[in-house]
Structures are given as structure tokens and as C-alpha cells.
Amino acid sequence: MTTSSNGTAFVEFDRVQKSYDGETLVVKDLNLSLPQGEFLTMLGPSGSGKTTCLMMLAGFETATHGDIRLDGKSINNIPPHKRGIGMVFQNYALFPHMTVAENLSFPLEVRGMSKSDREAKVKRALDMVQMGDFGGRRPAQLSGGQQQRIALSRALVFEPELVLMDEPLGALDKQLRETLQFEITNLAHELGITTVYVTHDQTEALTMSDRVAVFDDGRIQQLAPPDKLYEEPENSFVAQFIGENNTLLGTVKEIKDGIALVELDGGEVIDAKPINVSQPGERTRVSIRPERVEYNKDRLSPDAHTLKAEVLEFIYMGDIFRTRLRVAGKDDFVVKTRNAPDQRRLKPGETIEIGWLAQDCRALDA
Amino acid sequence: MSNGSATTGPDQITGATPDNAMRNADRADSGPMLAADGTTLKSSLNRALRRQKLRALMLIAPLLIFVLLTFIAPIADMLFRSVENQIVSDTLPRTVAALKDWDADGETLPEPATFKALYTDIFIAQERKLHTRLGSRLNYELTGVSSLFRKSGRKVEDMGEVYQDQFEDLNGYWKKGENWNALLGTPAWLEAQNAWEEDSGAAQPAFEPRPEIAAVLPQTTATFEIFADFVQNEDKDNLAKKDPWALVYSALYDDLTAGADVAAYAGPGATELQEAAAAVSGFETVDFPTAFEDIDEDWQSLDVWQTLKVYSPNFTSGYFLNSIDMQKTVDGPALRPENQRFYVMLFMRTLFMSLVITGSCILLGYPVGYILANLPAKTANLLMILVLLPFWTSLLVRTSAWKVMLQQQGVINDTLVWLGIVADDSRLALINNQTGTIIAMTHILLPFMILPLYSVMKTIPPSYVRAAKSLGATNWTAFWRVYFPQSVPGIGAGSILVFILSIGYYITPEIVGGRTGVFISNQIAYHISSSLNWGLAAALGAILLAVVLGLYWTYDKIVGIDNVKLGG
Ligand SMILES: Nc1ncnc2c1ncn2[C@@H]1O[C@H](COP(=O)(O)OP(=O)(O)OP(=O)(O)O)[C@@H](O)[C@H]1O
Ligand SMILES: [Mg+2]
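Line by line, the protein sequences are chains A and B. Per this note's numbering, residue 1 is the first one in the first sequence, and the count goes up by one each step. Per this note's numbering, residue 1001 is the first one in the second sequence, and the count goes up by one each step.
Note that these hints are calculated values from the structure, not bench results. We put the beta carbon where it would ideally sit given N, CA and C, even for glycine. Hints are supplied without guarantee of correctness; some may be wrong.
Claimed, not checked - Over the 10 angstroms line for every Cβ pair with chain B, so calculated as not near, a few chain A residues:
(1) Gly170
(2) Ala171
(3) Arg219
(4) Leu312
What the hints assert, rightly or not - Some chain A residues judged to face chain B by a derived CB distance under 10 angstroms, without partners named:
(5) Gly59
(6) Lys82
(7) Ile85
(8) Phe95
(9) Pro96
(10) His97
(11) Met98
(12) Glu109
(13) Arg111
(14) Ala155
Claimed, not checked - Away from chain A, derived, C-beta distances all over 12 angstroms, residues of chain B:
(15) Ala1061
(16) Pro1093
(17) Gly1106
(18) Glu1141
(19) Ser1146
(20) Glu1208
(21) Glu1275
(22) Thr1285
(23) Leu1321
(24) Pro1390
(25) Lys1403
(26) Thr1554
Based on the sequences and whatever the hints tell you, model everything.
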């Protein structure tokens, strides 16, 4: 769902900048447009400005420069309570002095809904997150995961078109996270809600989203669907931030037929796909995923360049083998292979030849 | 343990789980769990806990003792004083006993015997200089009693002298103290007493009545014993050199006229005694009711006697009745006359003004607390110093400053006149009335409201209000439905502090309150330091304490005391 259903963007950040102190920009030149119904994740290291973006969208911070538009209207002209944005806060922000049901009926009450309608909706919203029996409890009497569900259903109960979630699963254990990730995406898609989700957990980002915006240093480094993000990172930050990654430093020798010859600092030459390099002589950082490295000669094209590698460590992980190699003077080069019957298990000390398809090896910025 | 599953266990699985197996095992042997050394687990746990408690107790012991001595004990003493009334029965024991059977509702004065008892009591009391104290005590209940007692104390001696003179005229023997000692004391005591030297530092040998004479002259002996005890123990005089009180002569007269069997007596002074016994029938007698009437006509007034009777018990509700504008009468409690009612109004005023002060502290303090809690720490700390500044200035200085500010010719009035808001000839009366007290006390107690408010508001994360707004609440709704309820514990704590402080405040109302702006505490202070009616002061204090506790209880019922937060 990368394109909008009706062509126009539902949420739009237009060259937005934000500074809290007038000295440093926390958000630098943010451009982002979101079609209706999309599940977008903002992913990035701590302090990269994700919450700030969300707060600007929700109207609790104002952009220092630029414009944020919601359904075509500039958001500065709509007060927060009229924006109709559901929000799940980093710490849930369930009102401690109200019961769960009161928390849920609050947004309906302020919209002047009748009591019977409210009750019906609250019940439905609670059932939606399988918390039907907990209406009478106080938030303090719920576990973290239960509070999370309530926060979610409170953000959805008034049927907003846009829901913002700020690391809603940050405080939960792995198992619960996975269950809830699944529930959240399901709900969002079922209800057709546009969602902006913030996390710094990349697995979460990859598994849940239609598109992921990788933030760093107040900028979007790449905005792409998860598969593209993983397989075709556009710069070395994204490559390193998403998933496991082997990098080698070198200089471009020549670019021909869409393939760049890169001479590594140790003198070896490899093939790579030029992404951020355009002419010979440029420094580059080539990046290759561990599972795309091949050491079975038969599977490589005959004219592919190969590198000598020494096996340092072999780790049996059940479904995969993880082998650490010394390649081009670096001894943190990792290879992952599927545990298949015909797969060779490497032994430490062994010397092998490794290679890859040129399009799997990306020559990025240095 | 064996009672483990009642409150906790979320797992209600009844099958064979390890947990259930353990529980069943516990139930099966049904005896208490045993610790390693064979004692029951419970008792060894108790022992361990007891040691912990003991250590904790030792740590707080100094404070506990301090609090007991300086706080609990004075309060207990105050509560006791507010009902204590032993002074009447201590000072006038015989009169109180005699009045027991007197019908206070009737129109007749007590029997002459009661007057005689009164004579004895007042005689002893004036020797001990206690009658004026009793007079002041009873004067609280009936004006004029104080001077009545003082006068009677001065003149009561003359009454007894009628008999003394007649005995002494009859025989010089009766004049001398040593004769009395020989007549009434045991020979052993007499010898010791005569051998005793005043300057020796040794204790004076205590008077011992001789049984033979005590059988013949019981009243005389008893009265003499009182006299001897007084001389030896209170006056610290040498009994050998003292002549007896006139009261002793009256007692002797009573004994002899009552038909004492002097013929059977053969000890020292037997002849003189027989002579006196023969002569008493011709003695001039004293009519006590008339004698008292001669001292003061008030002794013929029913009021005095009724007051005496009403206040004769050891404990009285009189002080409390006085505190609520009532008085004790022979017919039970009754309201005071309209023009003497005062305290209930004062209590009401104190409560009302404390409420107003608390209310204005909330109104002024809430926004300040809110701003402080939402400013960056640096600015907030600076402003906090401004809030605390009054704490570092003497209370007296602050209150006096208000006097300067609020006077008719003071800063505020001058400014208002200058601005043309108030005409020069109708300057506002801002001081020496309730307005002055409310303004000054609100200012002085404001920090006690701001501090708890601030510390509670500080803990309310901004995300709640944001959440409310994102859910569609307007600024006001978000504040009122989400922020305000969470700040209520701060309001509660601040209000309790301010209200309880102001209900007992003294200095500020005293200085700026004038006549209409004073509190009940000023009246308490007046009774403690000026009128010296400590019992009434104690009763007023006890009522104040009860009111505060009552309000505290109501607050707990309505808001819940665990809803009070001073911070965190
Ligand atoms: N209210 C504020 N005043 C000043 N600086 C702020 C404020 N809020 C955030 N910042 C700064 O802005 C930067 C971005 O903060 P933001 O909260 O957006 O990060 P984030 O991406 O959400 O991080 P995290 O993953 O840790 O939540 C940080 O350097 C932070 O210190
Ligand atoms: Mg954040």
C-alpha cells in the first residue's frame, strides 16, 4: 500500500524543521507523505526526533518551520482536540483516577455521545482487545500488557482516522510484544486506520509496517517498504541499522554495465552494485547481508570475483549456521547459511573462497 | 503457608500441579508448620519479628519519649483540667458533705450545721491561704464570690474567738500551747517535742494524739491534729511554742456541750477540763448563720449556696458548658442569658474564617503551584525561593508589615485614594477586623498550600493532559476531568494543613484582628494568661481539638485520608 487510494496524501510533512532551544535542529527538513490507511513506522536510534515528529503531528509541539497538513488542511489551524487523532503514549497515559471503562468512554463523553451509545462502544472496544471483563478496574490494577491493550483501544474507540503510537510495546517482554504486534497490525488493517508507529526495534518495524521511515540525526534516511529497506538500503546508516550486515571499505576502480569494481583497502577487488557512487576514485563502503554470501563455488557465476576467507568460528543455531570469517583483514565478517542436508559445515581454521551476486553487494557512501 | 491461597492465588487450577500438591500436603497433616529447631514456624517468625520491632522501638524511643512528655502529656493534662474540680471538695470538705442533703431547689437556706461546717472549712482554708483560690474559682461561676471568700477569710477568726476568750477567761491554763500539748499529746511525743531543737536540722517529731483523751474529746483532738499538722508540716514552726487556733476552742466547746465524759478522764489537765465542762453551759454561744450574715449578707443568698452545691463534685461539666454559652444550674444545664453568649459565636467565626482562609489559599495557591510545576526546573527553583521567603522572615515582622499596609493611612488605602478608586473620606477599613485577619493569614499560610500542591502537581506527567486533548477534550475539559482530579490530593493536604493551622492561630489575629477578627485561640490565651481560668481555657481547647478531629474524620469519610499527598 505504498500509493494512496485516492491519490492525495492524508498526512503530509512539508519541509518541517523543529528546534527546542533555538540552537540545534532536532528535526531537519522532514518531508513525508502518508496515504490513507497506511501503516507507517518511524524507526531510529534514541534521540533521533521520532517522538518530536509525532508530537508535532498531534499538535503538542509546533514546527519551527514548514507545514504539516492533515487531509489537506494545515494542522496549525486545528486545535489538538479537533484533530481526531488517536494517540498511544510511550507510557500509556491511562488516567489513573478513572476505571478502564471510564478511560474508554472519556473521548466519547467529550464528543457528547449519549450514555447508551457510549456503553455499547466501550464494550465493543474492550472486546476488540479481549479485555471485556476488565472495565471496572483501575489502570494500576492491570499488568503492563493489559494496560497497553487498554491504551490501544482507548485510542481507537472514537474511531479516529489517524492513530499515533509512540513505542507502545517498549516496556513489554518479547513474547507479549510479538502477540501485540500482531494484534495491532490486524486491528489497524481491519479498521482501515492510518497509523504512525514509533519504535526503535527494527524487527517490530519490519514485521508490522507498510512502509518504514528510518530516522537519524533529524532526517529520514530512507523511506521504503520493509523488504526494500532490508534488501536495498540506500546508505550505509540504513544498511547498518537494519539487520545484520557486513561492510568493507574500498575505492571505486571503475563502473561498467551497472557494476562497480571496488578495490578494497587490502588490494582485493570485488563486484558491487553502485548505489551512492558514480565515478571511479570515490571512497565507498560496500555492504553485504550475511545470508547472501556464498562459498559454494557451483552457485557463483564463473567470472565473479571471489575473496579468500579464513574460518574463525562456526556456530550451530538450529535453523541456520553462523560462521565468522576473516576477510580482507577484518575478522567480523559473518556468513549465515541455511541448515540444509547438503549444506557443508565449515571448520575453524579452514580457508575458503567466498563470493556473491553483484546486485547483493551494495556500494554505499563511505 | 496453610492459609496461603485465600487472597493471593490467581491460579485456581484444581488438578495435580506442584503447587497444589504442596498445598494439599500442608492441609493433610493439618498441624502447624515446624521450623528447623522444632518450634512452630509461627512462633519462631514472631520471635524474629519481635526482635526487629524492639530494635525499631529503641531507635524511635528518644523521639517517642520527647513527644510523650511535650505533646501527649500536656494534652492529657489539658483534657483533665477541663473537667477537674477537686478544689471545692478539697477546700470545703465538711461543707460539701453537709450540703449533700440540702435541697437546692427549695427556698430555704442550709441548716446551721452547714454554716458551722463552712466556718471550720474556711477557718482551715484561710490558715492555709487557700480560700482566695477557691474564691477566684467560684467567681467564674458567680461574680462576687471571690470577694465574699476573701472577706469571710479575714473575719472568720473572730467567730472562734468568742469561745477562745471565754475559755481563757475561765482559766489561764487554756492560754498556753504547752498545756494543750500535754493535754492532747502522748507523753512520749511530748518529751520528744520538748527536746527537739529547731536549728538542729532533725525532723520535728510528729504530733501523736493520746487515745484516752481522744475518746473523751474527739472533735477537739481531731481539730488539734489538723492544727498540729499545719504548724509542723506547712508552717514549719515549733509546735511547742504555738498556741492553738481559735477553732480548737470551738471544738472543745462542742465536745463539752455534747456531754463529754470528763469525769472518767484522769490524765494531765483533768481538773481544768472538769472545771470547763461545768462552766460551758453558761458560755455565750455563737449563732453561725447570723455570724456569717454579719460578715456578708451574701451568705443569706440562695445563689451562693446553690453554686457551692452545684460545683461540689470532684469533676464537673461546668467548664464545657461555659464554653458553649451554657451554665450549670441546680436544674441542670441551661443557656446563658442572651447578652452573655459569646463562645459559640466565636467558634463559628473561627471555623468560618478558617474556611475562608483555606479557600483563598486554594484560589491563590493553585495557579502558583501549577506554574511552578510546569516551569523548567531552574525558573521553578527561583520562584520557589520567593514562595519560601516569608518562611525566613519572622512571623511578627510579617504581621506587623500588614499592619502598615492595611491601615487607614496605609499603603493600600493611599494607593486606592491616589488612583481615585476610593474617596479620601471613606478609606477602607482593612485592619482590626475580619478582613485584616483573612488577608494577613492567607498570606502567612499560603506556602503551606503551595508546597503540597507543587509537590503533587510535579508528579503528574504532562502526557495525561496531552492524552486527554488527543482524545478530543478541550483545554478546560482536559484540566477539569484529568488534571484537577489528580491534583486533589495536593489540595487535600494543603487544605488540612492550612485549616488546622489557622483554626488554632493566635499571633496574627491578635495583632490585626481587632475585636471582630479574633479567633477562639485568642480567648484561650486570654483565659490562660489574664483571667487565669485554666479550666475554661482547657475546655475551649478540648472542644477545638474535638472539632479538628471531627473535621479530620469527616474529611477521611468524604475524600479519604490516603488521598492526601504531601509529595511523591
Ligand atoms: N521538550 C524538549 N525540550 C528540549 N529538547 C527536547 C525536548 N524533547 C526532546 N528534546 C530533544 O530532542 C531530541 C529528539 O527527541 P525525541 O524525543 O524526539 O527523540 P526520540 O527519537 O523519540 O527518542 P527515543 O527513541 O529515545 O524516544 C533529543 O535530543 C531530545 O533531547
Ligand atoms: Mg520517543
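Here is what the structure says about each hint:
1. Gly170: At about 14 angstroms from chain B, glycine 170(A) clears the 10 angstroms cut-off, so the statement holds.
2. Ala171: holds, 14 angstroms
3. Arg219: holds, 25 angstroms
4. Leu312: Leucine 312(A) is indeed farther than 10 angstroms from all Cβ atoms of chain B, at 45 angstroms.
5. Gly59: With Cβ-Cβ at 8 angstroms, under 10 angstroms, it holds.
6. Lys82: Nearest chain B Cβ about 8 angstroms off; hint holds.
7. Ile85: For isoleucine 85(A), the interface hint holds, since the closest Cβ of chain B sits about 6 angstroms away, which is under 10 angstroms.
8. Phe95: holds, 6 angstroms
9. Pro96: holds, 7 angstroms
10. His97: Constraint on histidine 97(A) satisfied, holds at 5 angstroms.
11. Met98: Holds - the Cβ of methionine 98(A) comes within 10 angstroms of chain B, reaching about 8 angstroms at its closest.
12. Glu109: holds, 8 angstroms
13. Arg111: Given a least distance of 6 angstroms, the restraint on arginine 111(A) holds.
14. Ala155: holds, 8 angstroms
15. Ala1061: holds, 37 angstroms
16. Pro1093: holds, 65 angstroms
17. Gly1106: holds, 68 angstroms
18. Glu1141: Nearest chain A Cβ is 55 angstroms from glutamate 1141(B), so the label holds.
19. Ser1146: holds, 61 angstroms
20. Glu1208: holds, 80 angstroms
21. Glu1275: holds, 98 angstroms
22. Thr1285: holds, 87 angstroms
23. Leu1321: holds, 46 angstroms
24. Pro1390: The assertion about proline 1390(B) holds, with a minimum of 33 angstroms to chain A.
25. Lys1403: Label holds. Min Cβ-Cβ 44 angstroms, cutoff 12 angstroms.
26. Thr1554: holds, 21 angstroms
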